[in-house]
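For reference, the chains in residue letters:
Protein chains: 2
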Amino acid sequence: MRIAIDAMGGDYAPEAVVQGTLDAAGVIEAELALVGDLAKIEACLPKRDRPESLEIHHASQVVEMDDSPVVAVRQKKDSSLVVAAQMVKSGQADALVTVGNTGAAGAVSRLMWGAIPNIDRPAIATVIPTYRGSTVLIDSGASVDCSAKHLLDFALMGQIYASQVIGIENPRVALLNIGEEETKGNTLTKEAFTLMKSYMGDDFYGNVEGKHLFEGLVDVVVCDGFVGNVLLKSGEGVAEMMMRLLKEELTAHPLMKAPLALLRPAFKRFRARLDWREYGGAPLLGVKGVCIIGHGRSDAYAVRQAIMVAAQAVAGQLVPTIHQSVQLLHQTEAKRA
Amino acid sequence: MRIAIDAMGGDYAPEAVVQGTLDAAGVIEAELALVGDLAKIEACLPKRDRPESLEIHHASQVVEMDDSPVVAVRQKKDSSLVVAAQMVKSGQADALVTVGNTGAAGAVSRLMWGAIPNIDRPAIATVIPTYRGSTVLIDSGASVDCSAKHLLDFALMGQIYASQVIGIENPRVALLNIGEEETKGNTLTKEAFTLMKSYMGDDFYGNVEGKHLFEGLVDVVVCDGFVGNVLLKSGEGVAEMMMRLLKEELTAHPLMKAPLALLRPAFKRFRARLDWREYGGAPLLGVKGVCIIGHGRSDAYAVRQAIMVAAQAVAGQLVPTIHQSVQLLHQTEAKRA
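For the protein sequence lines, the chains are A and B, in the order given. In terms of my numbering, the first sequence is residues 1 to 337. In terms of my numbering, the second sequence is residues 338 to 674.
Calculated from the structure, these hints are not laboratory results. Take these hints with a grain of salt, some might be off.
What the hints assert, rightly or not - Sample of chain A residues at the chain B side, in silico, Cβ under 7 Å:
(1) Glu42
(2) Tyr131
(3) Gly133
(4) Asn229
(5) Lys233
(6) Glu236
(7) Val238
(8) Lys247
(9) Leu250
(10) Val326
Unchecked claim - What follows is a set of in silico ranges between Cβ atoms, one per label pair, in the way DEER data are often shown:
(11) B:Val407 / A:Val71: 29 to 39 Å
(12) A:His330 / B:Phe604: 48 to 58 Å
(13) A:His330 / B:Pro657: 48 to 58 Å
(14) B:Asn507 / A:Lys247: 48 to 58 Å
(15) A:Ala334 / B:Lys672: 32 to 42 Å
(16) B:Gly451 / A:Thr187: 19 to 29 Å
(17) B:Pro657 / A:Ala334: 53 to 63 Å
(18) B:Lys486 / A:Asp78: 43 to 53 Å
(19) B:Phe604 / A:Glu169: 53 to 63 Å
Even glycine gets a Cβ: it sits at the ideal position worked out from N, Cα and C.
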């Protein structure tokens, strides 16, 4: 197995990406190919005792965070992102990992690898922390205008991701909605409810509200990419606001220093339970290849985890399994019609 | 001024509603009409020294939290909600306050009072806590399938609510989106951006992401009711999850009891800054009357605040101002066309 890593993407590239790759090299059995500016990557690597599984592939350009996807695909053919995607296309690598420009990563893998037949829209499956552990949110931002059929595809892909990569047996898949009853929602979710119930049977849990999502009652939550992205970012916003307010109040008076110091381990455990880096990367599902996209703010640990997700996705046969399941669904549909 | 209060709505009715009304009676100059089961309301009131501004109007039925809006309107004509709305319609009262069934309250006021001309969809304007204070989210759940024109109406109504009721001069109005650039978003938000820019000029701040919303950079945030409801409930979910995790970690060991006690005032201030009850009620905008809807979990303080919001809405001429502004917009549109 070989994983191509875009060394130049993200806010802390290439240092964090290279360090995360070194850390991953120590724990997984896969060739790791760092793609990007040779000199800059070299500068981040130790002079000796480099892991044998590490390779460097030079690429002269960089896709910036604010480049449009079109620019990335058309004008930056020798960028670290495009070169890494090309390695997957040609069979030189089994997966692409990037913590750079999300839109560009989506466009590059869709255009260069193509879509899985009968999947009209790709979706990003993001693991979010909940009270009981974590839940997969799909789509968290790849496809912003969706039909009910697209949401059904997302549900299937999310279910396969949860079972094949995260290792959840019989994942419970729910539809994100504004009420629990079947009759609640907008036109899209009402149609999607009917479709999911009809095709997924008992695997479909029903509707779940935003509030209950964070209780961790279900394993996969399905929504369109606009709603998912709003949910993800506003959740981040609420968490950040609370942390700031809490910090302000707890540091408002010097007398609180001593008791606060005694509670530090508890605060540390609290933060650890909210850590989004555990699954440092989210797969773009629906394309013919493994593409793991991480947060632009990823540090070395998040990059390491994104590489682990990529390795699990390859080992878990994520793409072929999605391919097969969707063809099965399509045949069932054709028979019904 | 007279405010009709649905005494039977909400999880803690009628006790919390009656107590909140008593508390409000001490601070505002308005007649307060409690509508509901006479005997039950009487049982919650003190035997003597009742405020002179307090009245009771008997209603024999109750709209339950899980009644469909249709049931409320058609089959519960002598319910506290419908009787209170009838008082507004007949001119006996100037505003309706309820902390009961939101869907029923919306349906009852729309059907009994009618919509403001040229407003095709009503919207709920909810005040949410942010790092810098608070922001109005509109629509937080009344209209789940919207066009760009509807979002423009919401923007105008939200702007008027923020200035006339909350007292913000020149409120900054933003569109909730998944990126800040004009080109970002789904079909709906792209169209809405163009429309809002064209009609609102400098009053329009542009796009705001869910993450930045909680920094409190803008005064009014516009979205469709599905997205707004998901944002509101998932934000509540994140906050609740964090509170639970924090509590679990901070109470995991008896040795933490003493330092925790010393920090109690700071934790109290932290919670106060997140208190949603300050604006205990959200107006349903776009109907011909003042309808303030509170959270089903409202306690006496939240009910008191909802009544204050109603009084401010009446005093601030909320409904006539919306009426005028929308007619102006409509004339401008007609001239352009």
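We went through each hint and held it up to the structure:
1. Glu42: violated (35 Å)
2. Tyr131: holds (5 Å)
3. Gly133: violated (11 Å)
4. Asn229: holds (4 Å)
5. Lys233: holds (4 Å)
6. Glu236: It holds, given that the least Cβ distance between Glu236 of chain A and chain B is near 5 Å, below 7 Å.
7. Val238: holds (4 Å)
8. Lys247: With a minimum Cβ separation of about 9 Å from chain B (threshold 7 Å), the hint on Lys247 of chain A is violated.
9. Leu250: Result: holds, 5 Å to nearest chain B Cβ.
10. Val326: violated (24 Å)
11. B:Val407 / A:Val71: 29 to 39 Å: violated (52 Å)
12. A:His330 / B:Phe604: 48 to 58 Å: holds (55 Å)
13. A:His330 / B:Pro657: 48 to 58 Å: holds (57 Å)
14. B:Asn507 / A:Lys247: 48 to 58 Å: Hint violated: Cβ distance 31 Å, outside 48 to 58 Å.
15. A:Ala334 / B:Lys672: 32 to 42 Å: violated (54 Å)
16. B:Gly451 / A:Thr187: 19 to 29 Å: For Gly451 of chain B and Thr187 of chain A the Cβ distance comes to about 25 Å; the hint holds.
17. B:Pro657 / A:Ala334: 53 to 63 Å: holds (59 Å)
18. B:Lys486 / A:Asp78: 43 to 53 Å: About 46 Å separates the Cβ atoms of Lys486 of chain B and Asp78 of chain A, which means 43 to 53 Å holds.
19. B:Phe604 / A:Glu169: 53 to 63 Å: With a Cβ separation near 40 Å, Phe604 of chain B and Glu169 of chain A fall outside 53 to 63 Å, so the hint is violated.
Violated hints for the displayed structure, listed by number in ascending order: 1, 3, 8, 10, 11, 14, 15, 19.
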